[in-house]
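J.: Listed below, chain by chain, are the residues.
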Amino acid sequence: MTRSTTVALMPIAVLVVLFGGWELLVRVMAIPPYVLPAPSAVLAALVGDAGILLPALAVTLRITVAGFVTAVVGGIALGVLITRSRLAEAAFSPLAVILQVMPLIAIAPVIVIYAGPAVTVYLSAFIVAFFPVLAATAAGLKAVEPAHRDLFRLYRARPGQRLGWLEAPTAVPYVLAGVRTAAGLSLVGAVVAEFVAGTGGAGSGLAYRLVEASYRLNVPRLFAAALLICLAGVVIHAAVGRACAALLRRWRPQGER
Amino acid sequence: MSVSRGPLVSLRDVSRAFGDRVAVAGVDLTVDEGEFVAILGPSGCGKTTVLRLIAGLDDPTAGTVGGRDLGPAEGGVAYVFQDPTLLPWATVFDNVYLPLRIAGVPRAAAADRVRAMIARVGLAGREGAWPHALSGGMRMRAALARALVTRPGLLLMDEPFAALDEITRQQLNDDLLRMVAESGCTVLFVTHSVAESVYLATRLVVMGGVPGHVVGELPVELGSVRNEALRRDPAYLALCMRASALLAVGMGTGGTL
Ligand SMILES: Nc1ncnc2c1ncn2[C@@H]1O[C@H](COP(=O)(O)OP(=O)(O)OP(=O)(O)O)[C@@H](O)[C@H]1O
Ligand SMILES: [Mg+2]
Numbered sequence: 001m002t003r004s005t006t007v008a009l010m011p012i013a014v015l016v017v018l019f020g021g022w023e024l025l026v027r028v029m030a031i032p033p034y035v036l037p038a039p040s041a042v043l044a045a046l047v048g049d050a051g052i053l054l055p056a057l058a059v060t061l062r063i064t065v066a067g068f069v070t071a072v073v074g075g076i077a078l079g080v081l082i083t084r085s086r087l088a089e090a091a092f093s094p095l096a097v098i099l100q101v102m103p104l105i106a107i108a109p110v111i112v113i114y115a116g117p118a119v120t121v122y123l124s125a126f127i128v129a130f131f132p133v134l135a136a137t138a139a140g141l142k143a144v145e146p147a148h149r150d151l152f153r154l155y156r157a158r159p160g161q162r163l164g165w166l167e168a169p170t171a172v173p174y175v176l177a178g179v180r181t182a183a184g185l186s187l188v189g190a191v192v193a194e195f196v197a198g199t200g201g202a203g204s205g206l207a208y209r210l211v212e213a214s215y216r217l218n219v220p221r222l223f224a225a226a227l228l229i230c231l232a233g234v235v236i237h238a239a240v241g242r243a244c245a246a247l248l249r250r251w252r253p254q255g256e257r
Numbered sequence: 001m002s003v004s005r006g007p008l009v010s011l012r013d014v015s016r017a018f019g020d021r022v023a024v025a026g027v028d029l030t031v032d033e034g035e036f037v038a039i040l041g042p043s044g045c046g047k048t049t050v051l052r053l054i055a056g057l058d059d060p061t062a063g064t065v066g067g068r069d070l071g072p073a074e075g076g077v078a079y080v081f082q083d084p085t086l087l088p089w090a091t092v093f094d095n096v097y098l099p100l101r102i103a104g105v106p107r108a109a110a111a112d113r114v115r116a117m118i119a120r121v122g123l124a125g126r127e128g129a130w131p132h133a134l135s136g137g138m139r140m141r142a143a144l145a146r147a148l149v150t151r152p153g154l155l156l157m158d159e160p161f162a163a164l165d166e167i168t169r170q171q172l173n174d175d176l177l178r179m180v181a182e183s184g185c186t187v188l189f190v191t192h193s194v195a196e197s198v199y200l201a202t203r204l205v206v207m208g209g210v211p212g213h214v215v216g217e218l219p220v221e222l223g224s225v226r227n228e229a230l231r232r233d234p235a236y237l238a239l240c241m242r243a244s245a246l247l248a249v250g251m252g253t254g255g256t257l
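Chains as they are written, first to last, in the numbering used here: chain G, 1 to 257; chain U, 1 to 257.
What the simulated footprint calls covered on chain U by chain G, stretch by stretch (three residues with Cβ under 8 Å from a Cβ of chain G suffice, anywhere in the stretch; the number is not a length):
id, segment
1, 76 to 85
2, 101 to 109
Below, a sample of chain G positions facing chain U; criterion: calculated Cβ distance under 10 Å:
id, residue
3, 145
4, 150
5, 152
6, 158
7, 170
8, 252
If you're looking for bench data, these hints aren't it; they were derived computationally from the structure.
None of these values were measured; they are calculated from a predicted model.
Glycine residues also receive a C-beta, built at the ideal position from the N, C-alpha and C atoms.
Required output: the full structure, derived from the provided sequences and hints.
T.: See below:
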């Protein structure tokens, strides 16, 4: 077995041991499912409650993706704006910092009063994803090498040329790193907001179903919902990570800087 | 050289201080059209500072930096930095095209000229290569092509080949002399090397001291044919010795002239 296949199989082995041990523990100790469901019981709940859980997952994912995408666009746009002038930076920076340091769990109940649950979940996903993109964009646009800056000054490049051909290309790896961080965070933001603001009925998200299951002591379903959230997070993380890596390779074929 | 239009570069009693650290003080320097002036001096004596002042990348704290306003594009000022400073996200072609692109020359209109310049510096066939895939010498050749593609009237070079091995350096020096002869541009060439300065230049300007200033000048009357045979020419060797003596004055280690 080569080293790389060993490395690839390692996480699987760990998971197998972990879940195998868990299953064994529950069976041997005869732990009731409302205390700790065995992995097999969680899987059974996942399949049996798919009619409830999957539509809820779709709701949560739709809002997460909407929050994430608008946060990326908005973060890049504001990042460009605040690096154009000192005035713009002074005007927007405090706002951005307030957004970042405000605990989401504390403002979600406030937002929900004015905006309703769906918008609250969307705004939460947006807010948490927005700041990493904004910060990375601003840092990246300022990371131009002095020698390159001199080159553009020497040839008297216009501000637009400098932004498009020097600052933006310099910022690409930074922005992509910010986007990767934002992807995982946007799901967390949506889930947290659903805890506070989630509603029942057709439009309810996965985290709301999780809370609901916990109230009803339907512990296997609670675990199944948590598992789905985890899986969604892993998939989002991997998909965005791969997309970013591919973009970076196209941008700079040597890979890293 | 056209007296009516005055010198290309004229520094009068120029000083530049960084905070309370005076880098250069009382520098007088004139460069006429068609000259190949080598600035020779020990590390830290302010050679780069002087070049940046001439390029307009920096402003003097006292004195005047004058001469003709050459502008950035056709017939203007070009600068070869101590490092190649190629844009890592752009191919050789795009790096060489950059000054013309900034000047607003459309890609299609510039393509032939860019290719011809890449061929002249010996990089034909490497137009699509990325900077990281080039050797140090090839990167410097690409930087040279970028500087020459605008057909500059004044070429400023800051120890361009200092980081290269002796053989590559000699090749590049010969290529440089050939291209300068073809284009007729004026050159200001900073170097640490006495041999290199005498080999290339029509006039030496020796700098030294703390703060840096011009300690002496030396016309190099060796004619326009510069080749290997010149290195054994007694006149060449005599000039090298006189330049070394001047340099010793600049470094404060040697006697008088
Ligand atoms: N941006 C700066 N800030 C502060 N000090 C500077 C700056 N640039 C240059 N100096 C100082 O000015 C002096 C001259 O520097 P300069 O780079 O012009 O020397 P140099 O002759 O080009 O040296 P080298 O041959 O090593 O390249 C040095 O003492 C340096 O520390
Ligand atoms: Mg220097």
